[in-house]
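Given the coordinates of chain A, assemble chain B onto it according to the supplied hints.
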Amino acid sequence: MIESLDLSMVNWARGTFALTAMYHWIFVPLTLGLSFLCAFFETIYVRTGNPQWKTLTRFWMTLFGINFAIGVATGIILEFEFGTNWSNYSWMVGDIFGAPLAIEGILAFFLEATFFAVMFFGWNRVSQKFHLFSTWMVAVGSSLSALWILVANGWMQYPIGMSFNPETARFEMQDLWAVISSPVAISHFVHATSSGFLLSSLFVLGISSWYLLKKRHIEFAKRSIAVACVFGLLSSCFVAFTGDEHAYITARTQPMKLAAMEALYDGGLPTGLAVIGLINPEKKPGDHKDAFFYKIEIPGMLTLLAKRSFQGFVPGINDLVYGNPTQGIVGVGEKIARGKQAVANLSAYKRASATGDKPAAEAALSRFDQDQKFLGYGYLNAPEEAVPSVLLTYYAFRIMVMLGMFFILLFVVYIYLMEKNRLEEKTFILKLGVASLFLGWVASQAGWVVSEVGRQPWAIQGLLPVSIARSNLDSGTVMVTFFLFLTLFTALLIAELKIMVKQISIGPEGE
Amino acid sequence: MLGNLDWSTLQQLWWLIVSVVGGLFVFLTFVQGGQTLILTLAADANEKTLITNSLGRKWELTFTTLVLFGGAFYASFPLFYASSFGGAYWVWLAILFTFIIQAVSYEFRRKPNNFLGQKTYEIFLFINGTVGVLLIGAALGTFFTGSNFTLNAYNLVHWTHSLRGLEAAFSLFNLSFGLFLVFLARTLGALYLANNLDHDSLVRRLKKSGFNNLLCALPFLLYVLVSLILMDGYAVNPVSGVVTMEAHKYLNNLLQMPLNLVLLLSGLALVIVGVVLNRFTASVRGIWPAGLGTVLTCLAIFFLAGYNNTAFYPSKVDLASSLTIYNASSSHYTLTMMSYVALTVPFVLAYIIWVWRQMDSQKLTLKELTADKKSY
Numbered sequence: 001m002i003e004s005l006d007l008s009m010v011n012w013a014r015g016t017f018a019l020t021a022m023y024h025w026i027f028v029p030l031t032l033g034l035s036f037l038c039a040f041f042e043t044i045y046v047r048t049g050n051p052q053w054k055t056l057t058r059f060w061m062t063l064f065g066i067n068f069a070i071g072v073a074t075g076i077i078l079e080f081e082f083g084t085n086w087s088n089y090s091w092m093v094g095d096i097f098g099a100p101l102a103i104e105g106i107l108a109f110f111l112e113a114t115f116f117a118v119m120f121f122g123w124n125r126v127s128q129k130f131h132l133f134s135t136w137m138v139a140v141g142s143s144l145s146a147l148w149i150l151v152a153n154g155w156m157q158y159p160i161g162m163s164f165n166p167e168t169a170r171f172e173m174q175d176l177w178a179v180i181s182s183p184v185a186i187s188h189f190v191h192a193t194s195s196g197f198l199l200s201s202l203f204v205l206g207i208s209s210w211y212l213l214k215k216r217h218i219e220f221a222k223r224s225i226a227v228a229c230v231f232g233l234l235s236s237c238f239v240a241f242t243g244d245e246h247a248y249i250t251a252r253t254q255p256m257k258l259a260a261m262e263a264l265y266d267g268g269l270p271t272g273l274a275v276i277g278l279i280n281p282e283k284k285p286g287d288h289k290d291a292f293f294y295k296i297e298i299p300g301m302l303t304l305l306a307k308r309s310f311q312g313f314v315p316g317i318n319d320l321v322y323g324n325p326t327q328g329i330v331g332v333g334e335k336i337a338r339g340k341q342a343v344a345n346l347s348a349y350k351r352a353s354a355t356g357d358k359p360a361a362e363a364a365l366s367r368f369d370q371d372q373k374f375l376g377y378g379y380l381n382a383p384e385e386a387v388p389s390v391l392l393t394y395y396a397f398r399i400m401v402m403l404g405m406f407f408i409l410l411f412v413v414y415i416y417l418m419e420k421n422r423l424e425e426k427t428f429i430l431k432l433g434v435a436s437l438f439l440g441w442v443a444s445q446a447g448w449v450v451s452e453v454g455r456q457p458w459a460i461q462g463l464l465p466v467s468i469a470r471s472n473l474d475s476g477t478v479m480v481t482f483f484l485f486l487t488l489f490t491a492l493l494i495a496e497l498k499i500m501v502k503q504i505s506i507g508p509e510g511e
Numbered sequence: 001m002l003g004n005l006d007w008s009t010l011q012q013l014w015w016l017i018v019s020v021v022g023g024l025f026v027f028l029t030f031v032q033g034g035q036t037l038i039l040t041l042a043a044d045a046n047e048k049t050l051i052t053n054s055l056g057r058k059w060e061l062t063f064t065t066l067v068l069f070g071g072a073f074y075a076s077f078p079l080f081y082a083s084s085f086g087g088a089y090w091v092w093l094a095i096l097f098t099f100i101i102q103a104v105s106y107e108f109r110r111k112p113n114n115f116l117g118q119k120t121y122e123i124f125l126f127i128n129g130t131v132g133v134l135l136i137g138a139a140l141g142t143f144f145t146g147s148n149f150t151l152n153a154y155n156l157v158h159w160t161h162s163l164r165g166l167e168a169a170f171s172l173f174n175l176s177f178g179l180f181l182v183f184l185a186r187t188l189g190a191l192y193l194a195n196n197l198d199h200d201s202l203v204r205r206l207k208k209s210g211f212n213n214l215l216c217a218l219p220f221l222l223y224v225l226v227s228l229i230l231m232d233g234y235a236v237n238p239v240s241g242v243v244t245m246e247a248h249k250y251l252n253n254l255l256q257m258p259l260n261l262v263l264l265l266s267g268l269a270l271v272i273v274g275v276v277l278n279r280f281t282a283s284v285r286g287i288w289p290a291g292l293g294t295v296l297t298c299l300a301i302f303f304l305a306g307y308n309n310t311a312f313y314p315s316k317v318d319l320a321s322s323l324t325i326y327n328a329s330s331s332h333y334t335l336t337m338m339s340y341v342a343l344t345v346p347f348v349l350a351y352i353i354w355v356w357r358q359m360d361s362q363k364l365t366l367k368e369l370t371a372d373k374k375s376y
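Heads up: the sequence lines are chains A and B, in that order.
Each residue of the first sequence is one higher than the one before, counting from 1 in this note's numbering.
Each residue of the second sequence is one higher than the one before, counting from 1 in this note's numbering.
Hint data in this document are derived by calculation from the structure and do not stem from the laboratory.
What you are looking at is a predicted structure, and each value in this text was computed from that prediction instead of being measured.
All C-beta atoms in this analysis are idealised placements derived from N, C-alpha and C, irrespective of residue type, glycine included.
Here are the computed lysine-lysine pairs in the BS3-like style, where the Cα-Cα straight-line distance is at most 27 Å: (1) B/K373 to A/K502; (2) B/K373 to A/K129; (3) A/K54 to A/K214; (4) B/K374 to A/K54; (5) A/K215 to B/K373; (6) B/K48 to A/K498; (7) B/K374 to A/K502; (8) A/K222 to B/K373; (9) B/K367 to A/K129; (10) A/K54 to B/K367; (11) A/K498 to B/K58; (12) A/K214 to B/K374; (13) A/K215 to B/K374; (14) B/K48 to A/K502; (15) A/K222 to A/K431; (16) A/K129 to A/K222; (17) B/K48 to B/K363; (18) A/K350 to A/K373; (19) A/K129 to B/K363; (20) A/K129 to B/K374; (21) A/K350 to B/K316; (22) B/K363 to A/K54; (23) B/K374 to A/K222; (24) B/K373 to A/K214; (25) B/K373 to A/K498; (26) B/K58 to A/K129.
Chain B residues, not near chain A, derived (Cβ > 10 Å throughout): (27) L265; (28) R279; (29) V317.
Isolated chain A (complex conformation):
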């Protein structure tokens, strides 16, 4: 097993980025949702004047603050890792990708940073209304931050609003509004943000359920659960809705990712959806093995989800890799051949320009223009390289979807039991609520696995493979960094968990 691992620099760099992003995403969803929950709690306090709501607000704010600090620490690394580990990426698309990062800093981070201090330390220094306003500003700032970073991520998934400049050999922005309003970016933003709201609701529900199981802080826990359940149910329904929309857009913009999500090798008219299945790990594109050992399939369902009708062809991995002339799909092999032409002609253009040979430069540029849109494919060596990990993408997608459905049910049950005033006696449900706190993170991380593993091998979908996006570093250097981050982040996570658990065990009476 271990000897088959490719320990090249690019894989260490991918591993380091995945490590940082996954650690970061432990804390970010909680920041996104808990900031709004704190704002809800404080709004109720201000409107009712009931000091118990203030106690409740301050307790959840304490947990928010512990989580926020480590989220900030992991976040700074992500921004700068684009430069350190992916410097060619930073040059080739920095003209486009840098903009949302800078806008995030100006329009979102300062909002959070400025009002965070008021939210935590301003209780006796500013008026009640100004304090409430500050809490809301932290929540708005968190979501604005998510908006801009997901605009950047959405552009990586579906690059639009730009053109390639052969002079500088980089992609340059042509339309900022197209980048911002990209359907992929918007659907990414609403789906990821609402999943953060959902996870935070589970966080509040889980801890409050633990208090009910321990017969501690009963009224506090019930109040928290009531707000979290409403927010959680609305969020989880919205997550399901936006997830469906996101899959629909993925079908149009990243068909290979959709095919991997469904382990669909051969497309059809119409195509069924393998709701659950056991994948054959030996299955490779182009062979005749079955993709599944076992599956339960709903006929025509995938076509319905991808096309919003039972008409239309949903391409499979084989169609995309080897081409399907009937459906007008160009195979990756042909794209690679044309991409290599583009690479050669770009090189010829650069050489001719450097020597001042204008006619040769113009001729090379003309040839380059014919194949320019396949430039990124020129850096792949085999059609099969364009296929992401089907195993990981398929199972991660199912884990995310099934848990998402379960959470809707959980919130409905909680609301029903709260309404009937029978929640305290249902210990099994309360234990399920506690467990769901962790399941929320599993679903959330699985979602990002689908999104990011599903678009491999591309750093920028169809334009720039990760192997070309990297920095000029040796694998040993990046490997050392990987383990340094792993050690540091793990130590900080342990510290955070120990502090968090202690604060929970102290409870709101410590306020």
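Relative to chain A, chain B alone:
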């Protein structure tokens, strides 16, 4: 309106914006400087708590400004971002490490069951305030001394020194630049704390500390200034773009941009005024002239590095690979769009100042911290 500006004007405008953000960041390193005073100036646990809580209400602004500094460079001069971060790898990672450990330290330091112990987090803050600031200074020093890199035809950076950026700290100029920033940050930290805390004996010591740290900073500042006047610099031909070495380039820049000379001298004078005001009068408001002076001084340093046909990120090993504000910038379109976004900066600054005033209208007391279970 902004779309009518030509590309070179936008490139110069963005160097100005980056310089302003850089200047504000250096001013806000009063947080880092203050952190180093926790271990060296606080006499007991109460004083430590006072200092930590005062700084803890501002650390995020410094952190965010650093992130914005990176983001602004990324958006406006992506070739610098790619070349410096991808090339001078270890120095940037070392800086980032010091900021990771800072970010959790305020929140975790006094929380029960914090795994590493209070002292560890105080050491983290100290490391951030010393090593972090020193390395930032060393990295910025390479704007004048140059770095060890080459760029190929596709602008992919190749670093030619095995220490990958850490070698910058072994240059006397860069080291002096870094140490100047460390002592300047300590000076600003002492001035800020003296203005923010209500604790007579601690404030008296802070007022002295500001003065003493400025005295420590002066030799390094003088070395940097004299070196800048004497050293050869990296000049770029505005027509051909060819970079060559020019004798006394930075002195020439000062003489050819007299406004920059005024900025530099008035900035340094304001820092001194702020410190002297605090040390020899009853006033504790020296942070404001010193803060303004810091921003002006930084602006002058950045202008010296990037304007007047100067390569701001020169390569020592291959002059042709040197970066200027013209060959490292984003496209005309991106700079235009980002300039529109930058119009929001005054609004952002305005609400920061407004909130700062709201929060700091009363000085921080031990009584308040004792009553607040959420204090750091």
